[in-house]
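Participant: Listed here are the chains, written in short residue letters.
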Amino acid sequence: MMLNANIPSGPIEQAWDKARFDMKLVSPANKRRHSLIVVGSGLAGASASASLGELGYNVKCFCFQDSPRRAHSIAAQGGINAAKNYPNDGDSIYRLFYDTLKGGDFRAREANVYRLAQISVKIIDQCVAQGVPFAREYGGLLANRSFGGAQVSRTFYARGQTGQQLLLGAYQALERQVYAGTVTMVPRTEMLDLIVIYGQARGIVARNLVDGELSVHIADAVILASGGYGNVYYLSTNAKGSNATAIWRAYKRGALFANPCFTQIHPTCIPVSGDYQSKLTLMSESLRNDGRIWVPKMKGDRRSPNQIPEDERDYYLERRYPSFGNLVPRDVASRNAKQVCDEDRGVGKSGLGVYLDFSDAISRLGEKIIRERYGNLFNMYQRITDEDPYKGPMRIYPAIHYTMGGLWVDYQLQSTIPGLFVLGEANFSDHGANRLGASALMQGLADGYFIIPYTVGNYLAANRFARVDESRQEIQNTVTTVRETIINCSPSEAGGPSIRSIASWAKLYGSLAA
Amino acid sequence: MTRTAQGLDTAVGEIRALREEFWQNVTVPGSGDDLNQNLEKAGRVADFFELAELMCIDARERNESCGGHFREESQTAEGEALRDDEHYSYVAAWGYRGTGEPPELTKELLEFHNLHPSQRSYK
Amino acid sequence: MEFTLKIWRQKSHNEKGEFISYPMDNVSPEMSMLECLDVLNETLMVRGEEPVAFDHDCREGICGSCGFVINGVAHGPERATIVCQLTMRHFRSGEELIIEPWRAEAFPLIKDLIVDRRSFDRIIEAGGYISVSTAQAPDGNAILVGKDAADQAMDAAVCIGCGACVAACPNGSSALFTGAKIAHLGILPQGKPERDGRALHMVAQMNAELFGNCTNIGECTGVCPKGISLEVIAIMNRDYLHASWKRREALEATIPPALERNTHRT
Amino acid sequence: MSATAADLHSYRVVGFWQSTNGKKVVMALTGIMMFLFVISHLLGNLLVFAGRAQINAYARFLHFDHSLLWTVRSTLIIAAVMHVVVTIQLALRNKKAQPISYLRKEAINSSYASRTMYWSGPIVLAFIIFHLLQFTAGYIHPETRFIPNDVYHNLVTGFRVWWVSAWYVFAICLLGLHLRHGLWSMLQSVGLAHSLRKEQALKRVALTISILIVFGYISIPISILLGFLR
Chain A
8 MMLNANIPSG PIEQAWDKAR FDMKLVSPAN KRRHSLIVVG SGLAGASASA
58 SLGELGYNVK CFCFQDSPRR AHSIAAQGGI NAAKNYPNDG DSIYRLFYDT
108 LKGGDFRARE ANVYRLAQIS VKIIDQCVAQ GVPFAREYGG LLANRSFGGA
158 QVSRTFYARG QTGQQLLLGA YQALERQVYA GTVTMVPRTE MLDLIVIYGQ
208 ARGIVARNLV DGELSVHIAD AVILASGGYG NVYYLSTNAK GSNATAIWRA
258 YKRGALFANP CFTQIHPTCI PVSGDYQSKL TLMSESLRND GRIWVPKMKG
308 DRRSPNQIPE DERDYYLERR YPSFGNLVPR DVASRNAKQV CDEDRGVGKS
358 GLGVYLDFSD AISRLGEKII RERYGNLFNM YQRITDEDPY KGPMRIYPAI
408 HYTMGGLWVD YQLQSTIPGL FVLGEANFSD HGANRLGASA LMQGLADGYF
458 IIPYTVGNYL AANRFARVDE SRQEIQNTVT TVRETIINCS PSEAGGPSIR
508 SIASWAKLYG SLAA
Chain B
602 MTRTAQGLDT AVGEIRALRE EFWQNVTVPG SGDDLNQNLE KAGRVADFFE
652 LAELMCIDAR ERNESCGGHF REESQTAEGE ALRDDEHYSY VAAWGYRGTG
702 EPPELTKELL EFHNLHPSQR SYK
Chain C
4 MEFTLKIWRQ KSHNEKGEFI SYPMDNVSPE MSMLECLDVL NETLMVRGEE
54 PVAFDHDCRE GICGSCGFVI NGVAHGPERA TIVCQLTMRH FRSGEELIIE
104 PWRAEAFPLI KDLIVDRRSF DRIIEAGGYI SVSTAQAPDG NAILVGKDAA
154 DQAMDAAVCI GCGACVAACP NGSSALFTGA KIAHLGILPQ GKPERDGRAL
204 HMVAQMNAEL FGNCTNIGEC TGVCPKGISL EVIAIMNRDY LHASWKRREA
254 LEATIPPALE RNTHRT
Chain D
12 MSATAADLHS YRVVGFWQST NGKKVVMALT GIMMFLFVIS HLLGNLLVFA
62 GRAQINAYAR FLHFDHSLLW TVRSTLIIAA VMHVVVTIQL ALRNKKAQPI
112 SYLRKEAINS SYASRTMYWS GPIVLAFIIF HLLQFTAGYI HPETRFIPND
162 VYHNLVTGFR VWWVSAWYVF AICLLGLHLR HGLWSMLQSV GLAHSLRKEQ
212 ALKRVALTIS ILIVFGYISI PISILLGFLR
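In order, the protein sequences belong to chains A, B, C and D.
Counting the first sequence from 1 gives a position; our numbering is that position plus 7.
Counting the second sequence from 1 gives a position; our numbering is that position plus 601.
Counting the third sequence from 1 gives a position; our numbering is that position plus 3.
Counting the fourth sequence from 1 gives a position; our numbering is that position plus 11.
Quick caveat, the hints were computed from the structure, so don't treat them as lab data.
Hints are not guaranteed to be accurate.
Simulated restraints, written as ranges between beta carbons of each label pair [stated by the list, open to error]:
1) A:222 - D:216: 54 to 62 angstroms
2) C:26 - A:94: 56 to 64 angstroms
3) D:137 - C:14: 26 to 34 angstroms
4) B:712 - A:495: 40 to 48 angstroms
5) A:398 - B:618: 45 to 53 angstroms
6) D:216 - A:398: 35 to 43 angstroms
7) A:94 - B:680: 46 to 54 angstroms
8) A:314 - B:720: 36 to 44 angstroms
9) A:9 - B:683: 27 to 35 angstroms
10) A:39 - C:49: 48 to 56 angstroms
11) B:614 - C:49: 25 to 33 angstroms
12) B:605 - A:39: 30 to 38 angstroms
13) A:313 - B:712: 49 to 57 angstroms
14) D:178 - A:379: 39 to 47 angstroms
The beta carbon of each residue, even a glycine, is placed where N, CA and C say it ideally should be.
This is chain A alone, in the form it adopts within the complex (with noise of 0.2 angstroms):
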C-alpha cells in the first residue's frame, strides 16, 4: 500500500495557498444540508465544531464530559507559540518551522509543519478577539516569554491557565454555534465505533452514558478531535477520562495509526507518593528558567537536602550539558532524571526523583519576585506535597505528557478512511519524534480553526453521499460488535466478583509500557 500525503507540488511557502486554490468549494446554499459528526470538545474539537458551524454545516459535537468546557486542554499551563516577531527578537514563520521540524528530531512531514507555522500568527489574532485575557506589558501590548529552550519569545500566556483560557475561548464560540442552531452537542456520550459504508465514513455508534443507550449517528463526514493516548501509561498527566477508544475503534476500522511509540515525557512532574496515587500532576516547564536541578553525588544518600552541603550536590544537567544547562529539552531532561535515579542516586521516599532547587535564585532575586513568576505553582506543590518549597528543594521526576504518535493523517487531515478526519493530538501530525513546549495548543487550534473548515468542504464538494439507512447490515452489525464487548464485561456473562478491579488491570499494563 502506497501512503499519499497528498502535499502540493512547489515551493514549500506557497503550499497551503496552492492548497487552498486547489479546493472545491461547498456552496453556502448547500452547507446546511451536509452534516458533518465531531468527536471532541478540547481545543480541536470546539474550534473546529464552531468554525464550521459558522461556516454553515449541521454538525453534531460529542463529548464524554458533562460540558465541553471540561476538556483536557484546560489543563495546559504554559503557553501558545506564535511566530509573531512583537519582541522583535528576529522571529519568523521560517524560524518557528525550523525550531519546530528540529525539535521533534526530524520525523515530520515539513509541508505540514511550515502550514502550522504560518496559521501560528492568525491564531493569536483571533483567540484576541475572542477576548482570551493573554497577558499584557503596561502599554497595552501582548506580553511574550520564551520556552522549552527556544532562544526566541514567542510564547503568548495568561498566566499559568492558558490552555483554560484558550479552550473557553473556543467554548463560547461553539456555544454560540449552539444558539444558533448550527451545532448541535451532545454531552455524556462516548463514541464507540465508527461506521463505515463503501469505504466511507459515514457515521459513529455512540453510547449515552447517563442511561447506557446506545444511537447511530449518521453524517457526511466523521471529524476525530478526541486527544492523545498517554494514559497508555496508567499514570500519566492526562485527565482521568482521556482514553483513546474514538481513535482506537477508527484504526480497528482501517484507519493506520502513525508513530504510536512517539511519547512524551515531561520532566517537571510531582513525583508519585503512593500506590492509591491515580494521576500525576505536572508543574510548568518555566520552572526550570530559574530553579536547579540536582541529586546527591553519593549513592543512597538519604540525607535531608539542605543537610547536603554544596560540594556534595551533583547538577547533573549543568555538568553534561554546559551551554543548555536545566533548559535542555524535555527529552534529554527526563532521560537524565531517569538514569541517576537508576544509579541509586534519587531522592524522596521512593528514590525516584531528583531536586528542583530554588534557593540560588531566591537569594538572588528575592522571595518576591520568585513569588510573582511561580507563586501558582509553588502553592500547587505546597497543596499536594505538605512541604514548601520556598524553604526547601522541589522533589520532581518525569512523566508521561503528550503523545506525538496518532492516527496517520494527509495534508487534508484527512485518514486513509475517506471522509474521516483526524484534528489535534488525536493525529501524529506536525511534532514529529518529540513536541516543542507550547506547540500542542498552537497544533489544536490551527487544525480546528483554520485547516478543517477549507479541507471538509473539499471533500463534500468533491464527493457523492446516498441517503442512509439505519437499518442497513453494516450498521447493524457495527451496532452488535459494540454490544457484544460491553456484554463481555458485564457479571452476568463471567459471574462472581472481579478479582482485580478495573484500575488495577490499568496500573498493570501502564507499568509494563513505561
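On the provided structure of chain A, position chains B, C and D as indicated by the hints.
Facilitator: Using the frame of chain A, we list chains B, C and D on its own:
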C-alpha cells in the same frame, strides 16, 4: 524513558498474557443500562491493552533513538540519542489485520527539501 | 488515618436516595479526597457492590468536573481548593465525613454525587461570548488592553464552572458564575460592543433556569476554588441596570430573545 | 439526550421586573428611601435633648402642610410595601431553587447580619407598626394619656414604661443588624464598582453607620429611663 529490543519483546508477551487474563476475568458491577463509570473504564482499558501492544511493536521496529524514543542500542559514546536517518527517516503507519494478527506496516518516506536533518546537540 | 465516610447514594434522578456509612482505615494523609473514594470503590467492587459514582476528570483542579459538599462546605474545609486537590491530611483521623452532592433545583441529580450542570452551558450560550467568527479578527496588537484591565478580566475568567457557588448559596443562585463571565468579557475592550445585550441575555437565561437570587451574603466566594470575588456580581448588576435603563426599541429588536428551556434532562 | 436548539426556542423575554436582578434593584432603592427616613427621623428625634419647646416646634413644622406630609408618608408606605413584596417573591423563588437542604451545612463566609435578614426585617416591621400606633396615632399608649401635639410628653411618658423601652431597644438593635448588611448589599445590587479592598471598607462604613444609628436611637429611651429627660 529508555527502551531495549529485549525489553520490548518481553513487554509484548506480557501485555498479551495480561489481555487474555483481562477478558477471562473482567467483571463490572452494576448494569449497562444506567450510569456505570466502571463499564466506561473497562472498555477504555481494553483498547489501551491493544494500543500498548502496538506501541511496543512500533518501538521495537524503530531501531534508532529520536526525540522521546530512546533505544539503548542506538546511542553515542557519550550516551546521547543517535538517530539513523538512512534507515528510519519515515512515518511508520500501522494497519489493523484482526485480533491476534500482527499489524501491517506501511511507510511514508519523509523528504526534506528545505531543511537538512542535523543531530541535535545541547552540549 | 481512619474515617467514616457517610455518602449520599441515589441510583437515579427518579429514585429515592439515602446516606450510607462506609468505615475506612489505612487512609494515607497524602491521598486526595478523590483517591480516598477510589480506594473505597475498589473495596466495594471486590465485594461486588456498586461503586460510588462521582464526576472527575483532570484531577489537577482546573477542569471543574469534580465537586461535592464535605461536612457542610462545598469542596471541603480548605479555602481555594477543589476536592481533587484536597488531601486527607486536612481532616482529623477518626472523623466522620458527610459527603453530599451539590443540591440545587437547577442541578438535577443524575446518580450518587453526580449532578447535571448543563444550565451553566445554557447561560453561556445565551451570550457569554464575543461574536467573532473564525478569520474575522484584526491583528492581536490592534486592540490595546491595559495591563490592569487584562489582569482584572483574568481574575474573573479563571472560573472553572464547577458549581460550588450555587451549591454553597442558600438561595441556589448562580450570580457568581454568571457575573464572572459578564465581568470577564465586559472589562475587555473587545467585549464592550455587546456588553448591554450580553448582560440582558445572560441574566434573562439565568432567571429562566431554576436559580435563586443573590442576597449578597458571600458564601459563594468563600467556597470558590478560584477565589472569584463578589465584585463580579456588582459588575453584572451594573451592566444589567445600565442595559435595562437605556433599552430602546431598536436595541430590543437586535437582541434575540432569551431561551427558556426545559432545565431537566430531556 | 440533548434536544436540538431549534425546538426549544420559546420566546419570552424575562423583563426587568421579572428578573431577580431587577427585583433586587427595587429592593435596594426602596431600602435607600427608608434609610434616608431613618436618618432624618433620628436627627429630628434627637431634638428631644434640646428641650420640650424645640421638639414640639419641630413636630409642628412637620405638620405645616398636610398634603406634603401625606405625600411623604405614602411614598414611605409604598416603599415599605414594595420592599416587603419583592422580598417575599424572592424568598419563595429561593425556596424553590434550593428545595433539599443539606444534612449538614456550614456558613463559612457570610455575616450573621446577612443570614438573619429574613428575621430582622419582619420584626422591625412589626415594631414600626407598634411604634406608629403608639407615637403617631396614639392608639396604644400604656399607663399614661397620649396628648396630640405634645411629642415631648408622649415620648417621656411612653418610654418610662420599661417594656416599651426594652422592646424599642431590641427592635432598634435588629434594625442596626438589618442595615449593617442592607447598606452594603444595596450598593452591590445597584452595581457600585468595588475591589476586594473597597468591599472591606464599604462593609466597615456600613457597620459604623449602623452602630451610630443604633446608639442615636437608643440614647433616647435610656436617657428617659435614667431620668436625664423628664
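Participant: Determine for every hint whether it applies to the structure shown.
Facilitator: Here's how the hints hold up against the structure:
Our hint of 54 to 62 angstroms for residue 222 of chain A and residue 216 of chain D holds, since their Cβ atoms are close to 59 angstroms apart. Between residue 26 of chain C and residue 94 of chain A, the C-beta spacing of about 59 angstroms keeps the proposed range 56 to 64 angstroms intact. Between residue 137 of chain D and residue 14 of chain C the CB atoms are about 47 angstroms apart, so this pair departs from the stated range of 26 to 34 angstroms. Hint check: residue 712 of chain B to residue 495 of chain A, Cβ distance near 45 angstroms, so the stated range 40 to 48 angstroms holds.
Residue 398 of chain A and residue 618 of chain B have their C-beta atoms about 48 angstroms apart, which keeps the hinted 45 to 53 angstroms range intact. The beta-carbon spacing between residue 216 of chain D and residue 398 of chain A, approximately 40 angstroms, falls within the hinted interval of 35 to 43 angstroms. Against the hinted window of 46 to 54 angstroms, the Cβ-Cβ separation of residue 94 of chain A and residue 680 of chain B comes to about 36 angstroms, which falls outside the hint. Range check, residue 314 of chain A to residue 720 of chain B: Cβ separation about 41 angstroms, and the 36 to 44 angstroms hint holds.
A hinted range of 27 to 35 angstroms holds for the C-beta pair residue 9 of chain A and residue 683 of chain B, which are about 30 angstroms apart. Judged by the Cβ atoms, the range 48 to 56 angstroms given for residue 39 of chain A and residue 49 of chain C holds: they are separated by roughly 53 angstroms. The hinted range of 25 to 33 angstroms is satisfied by residue 614 of chain B and residue 49 of chain C, whose Cβ atoms lie roughly 28 angstroms apart. Distance hint check for residue 605 of chain B and residue 39 of chain A: the Cβ-Cβ separation is about 56 angstroms, which falls outside the suggested range of 30 to 38 angstroms.
The hint said 49 to 57 angstroms for the Cβ distance between residue 313 of chain A and residue 712 of chain B, and at roughly 55 angstroms that hint holds. Hint check: residue 178 of chain D to residue 379 of chain A, Cβ distance near 57 angstroms, so the stated range 39 to 47 angstroms is violated.
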